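Peer 1: Sequence:
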Amino acid sequence: GAAAGVAAADAQVGAAQSGVAAAEAGVARAQANVAAAEANVARSQAQANSAAAAVSRAQGEFQQVQGSVTNSDIAAAQADLDEAREVLADLLDGPEEVDVKTNQANVDQARANLENVRAQLSSAKTRAEADLEIAANDLRDAQAAYSEIYWQIREQERELNSVDQEIWQDLKDREERALREVRNAEERLAQSRVKVEEAREAERRGVQEAEARLREAEALLEDVLRGADEDQIAAARAQVARAEASLIKLQGERRAGELASAQAEVDRAQADAQGAQSDIQNAQAGLQGNVADVQNAQSEVQRSQADVQRNVADAQNARANLDASQADVQAAIADVQGALADVDSAQADLARSRAELTELTADPIQADMDSRQSMIEQGSVDVRQAQVQLDKATLRTPIDGTVVEIDLEEGEWVNAGSVIATIADISTTDPSRWKIETTDLDELGIVNVQIGNPVFITFDALPRLELPGRVQQIQNIGKNSQGDIVYKVTVVPEEWDERLRWGMTATVAIEPSRDN
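10 is the number of the first residue of the sequence shown in the numbering used here; add one for each residue after it.
No lab work stands behind these hints: they were computed from the structure.
Source: prediction; values computed, not measured.
Any given hint might turn out to be false.
[Stated by the list, open to error] Dumping the calculated DSBU-like pairs for lysine-lysine here, alpha-carbon to alpha-carbon at most 30 Å:
| id | residue 1 | residue 2 |
| --- | --- | --- |
| 1 | K258 | K204 |
| 2 | K444 | K488 |
| 3 | K134 | K204 |
| 4 | K488 | K204 |
[Stated by the list, open to error] Label-pair restraints from in silico Cβ distances:
| id | residue 1 | residue 2 | range |
| --- | --- | --- | --- |
| 5 | I257 | E124 | 56 to 62 Å |
| 6 | M378 | I432 | 51 to 57 Å |
| 7 | A470 | P521 | 37 to 43 Å |
| 8 | R214 | A84 | 51 to 57 Å |
| 9 | D416 | P440 | 27 to 33 Å |
| 10 | E218 | R510 | 53 to 59 Å |
| 11 | Q217 | I432 | 40 to 46 Å |
| 12 | Q311 | A44 | 43 to 49 Å |
| 13 | E92 | E218 | 35 to 41 Å |
| 14 | A433 | Q396 | 29 to 35 Å |
Built from N, CA and C at the ideal position, the CB exists for glycine as well.
Make the full structure from the sequences, and use the hints.
Peer 2: Below you can see the structure in the form of structure tokens.
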């Protein structure tokens, strides 16, 4: 009985739904007509927009043509023409008298300056040459005096046994003074030679600069006196012609034609825009009629849908009775399925428990033991490699001492063989472990020094301290230092003082060999 009621209700619902479908088809046809009308309106609107854009473009082009030439442009073109004509007139008139006088004055000033420079620098050169001659004479006098004393001493040496010791010492002192005077005279002569060369170079350079300024002033005067040539006049006339052509172009008939053409284009665009606006109005009228048809069709759909809803309510009541009967059957089936699921779960738990028991009671697998042994051996290798890297990162020195200098910064790359630090034993008090180097002995002084010569050492930091020592080493090859050849001499002290430190400034007095 419940199933038959449901079938009858479904039949009524189907009939009502057919009526709804027919009404909806009518709505769809009416909506299609509306869509077509809307598309027509859109096309007309697009055409109107395009026509409006064309009007805007035409008006913009007209304004551009109209504004492309302003009063300022015409005034600028007239100014260019006036300037070109003025330049041409200046070239045709020849040089200005004031320009000629100014450049002539510059030439006279440059010529006077040249003579003045020649006189001053020549006088300076003459004074330097005179000083050089005086220095040369002083050197000759000093050499003659030294030669006289030298031969007096040689004469006395042949009569050494009969010479009074005081007279002998006086002669030796005179010889040393004469030798110093010779050296001083040589130094003054060398300085005078340098000054002469400097004076000659200054004279040459000063005269060249003054002559260059004179030539430049003469060239400028020549340019002014020569005036404009034919090429310059022709170029000025061409510039006048170009300026006149530019002004005519801005004021001529061509500009009037461009304005008329642009205005005609604006008129055509405005006519097209008016036609497009009429098309829009016609399309909108057709659209309103189609919208009314859609509204009528939608009312018919609503009436058909109300019939469907009533029939659906009857069918739902019939299905509710049928569903109540089927619910009891489904509840019984659900109880059976729940019991079966409980059985399956219990069987799965039993299987997992048996598998775990088998795994716990079985012997250990050889593969697992081998894997763990391999991990232990690899760990030992890693430890040894880390120790090797640690050993490589540790720097060792062959002596015990203190790091006194580090020659690199943190993060800096170091090339092989580079010195990165200096280590020294600064705690020792053995004098032989220390040394002092001097580098200011020139070639005249080094010939009087030999290895083993006694020395006396003083220090700027300890002015009252004086230590004895001896020359340990003499550099065989000298080096150039500010124009002099100097030799490095290494001195070893025979005594020491615990207040001394590395790098202190020391003064060494070397007692020369008697042979020298």
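Peer 1: Which hints, by number, does the structure contradict?
Peer 2: Hint check: 1, 7, 11, 12 fail, others pass.
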